[in-house]
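S.K.: Top to bottom, those sequences are chains A and B.
So the first sequence is numbered by this note's numbering: it starts at 187 and just counts up by one.
So the second sequence is numbered by this note's numbering: it starts at 102 and just counts up by one.
These are calculated hints, taken from the structure and not from any lab test.
Treat the hints with caution; some may be incorrect.
[To be verified] Straight line, CA to CA, 27 Å or less: simulated DSS-like cross-link-like pairs of lysine-lysine: (1) A:K244 / A:K201; (2) B:K166 / A:K228; (3) B:K158 / B:K118; (4) A:K257 / A:K191; (5) B:K172 / A:K228; (6) B:K119 / B:K166; (7) B:K119 / B:K170; (8) A:K191 / B:K158; (9) B:K118 / B:K166; (10) B:K119 / A:K228; (11) B:K158 / A:K228; (12) A:K243 / A:K191; (13) B:K119 / B:K158; (14) A:K228 / A:K243; (15) B:K119 / B:K172.
[Unchecked claim] Not the full set, but computed from the structure, chain B residues with beta-carbon under 10 Å of chain A: (16) Y132; (17) G141; (18) Q146.
All figures in this text were calculated on a predicted structure; none of them were measured in a lab.
The beta-carbon is built from N, C-alpha and C at its ideal position, and this holds for glycine as well.
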Amino acid sequence: QQQVKQSPQSLIVQKGGIPIINCAYENTAFDYFPWYQQFPGKGPALLIAIRPDVSEKKEGRFTISFNKSAKQFSLHIMDSQPGDSATYFCAAYRPTGANNLFFGTGTRLTVIP
Amino acid sequence: EAQVTQNPRYLITVTGKKLTVTCSQNMNHEYMSWYRQDPGLGLRQIYYSMNVEVTDKGDVPEGYKVSRKEKRNFPLILESPSPNQTSLYFCASRPGGTDTQYFGPGTRLTVL
Chain A
187 QQQVKQSPQS LIVQKGGIPI INCAYENTAF DYFPWYQQFP GKGPALLIAI
237 RPDVSEKKEG RFTISFNKSA KQFSLHIMDS QPGDSATYFC AAYRPTGANN
287 LFFGTGTRLT VIP
Chain B
102 EAQVTQNPRY LITVTGKKLT VTCSQNMNHE YMSWYRQDPG LGLRQIYYSM
152 NVEVTDKGDV PEGYKVSRKE KRNFPLILES PSPNQTSLYF CASRPGGTDT
202 QYFGPGTRLT VL
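Just chain A, same shape as in the assembly (with noise of 0.2 Å):
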């Protein structure tokens, strides 16, 4: 059973637009939503995280919205750069358990010059 659910699987934008990927979670123990930045060749890297308490988060032109009444969080990029183009994954982090990180299945982002 999928913990997070991510959609759309690819988003395909032109420079300086806002891709928006979204994700949906079931378990109110989630108390972390990361989102984590893949290029090509690399491993996944810790790009910007929220806590439910806030209900938006900027760093850069990266912006995370939570709405935690909907159990939903999404990222919006602004002015969007070639540079963006890369595999984007959502997470959800629960303080309990033993295995407490759950991935979203990625969105792979072309950003169009």
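Place chain B on chain A using the hints.
M.R.: Frame of chain A; chain B shown alone:
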């Protein structure tokens, strides 16, 4: 430099020939995990370890073994590889009680 290393980075082998992919981290992290990444399926956890001599199955453990004899090393063993294990494999580590995971560079495995 704090990092997770994996070897080899690329491997082509044949069905049934035992292989080991090594993973090492120099951050003294308690948690280590192995994932496989396949198109459309994202990152699926194979095995994880909470500390030395403590390992458990993830979502797709069939056909794989692991061991954690030392804190820094977490090798992935395929006793009898099959073509459906052709994939991109990632090792990862994180400190206990925290939520940020550090990934290795990946191992691309092809089983013919």
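S.K.: Now tell me if each hint is right for this structure.
M.R.: Do the hints match the structure? See the list:
no. : hint            : result
1   : A:K244 / A:K201 : 20 Å, holds
2   : B:K166 / A:K228 : 24 Å, holds
3   : B:K158 / B:K118 : 23 Å, holds
4   : A:K257 / A:K191 : 11 Å, holds
5   : B:K172 / A:K228 : 24 Å, holds
6   : B:K119 / B:K166 : 11 Å, holds
7   : B:K119 / B:K170 : 20 Å, holds
8   : A:K191 / B:K158 : 21 Å, holds
9   : B:K118 / B:K166 : 14 Å, holds
10  : B:K119 / A:K228 : 26 Å, holds
11  : B:K158 / A:K228 : 25 Å, holds
12  : A:K243 / A:K191 : 20 Å, holds
13  : B:K119 / B:K158 : 20 Å, holds
14  : A:K228 / A:K243 : 26 Å, holds
15  : B:K119 / B:K172 : 24 Å, holds
16  : Y132            : 9 Å, holds
17  : G141            : 6 Å, holds
18  : Q146            : 7 Å, holds
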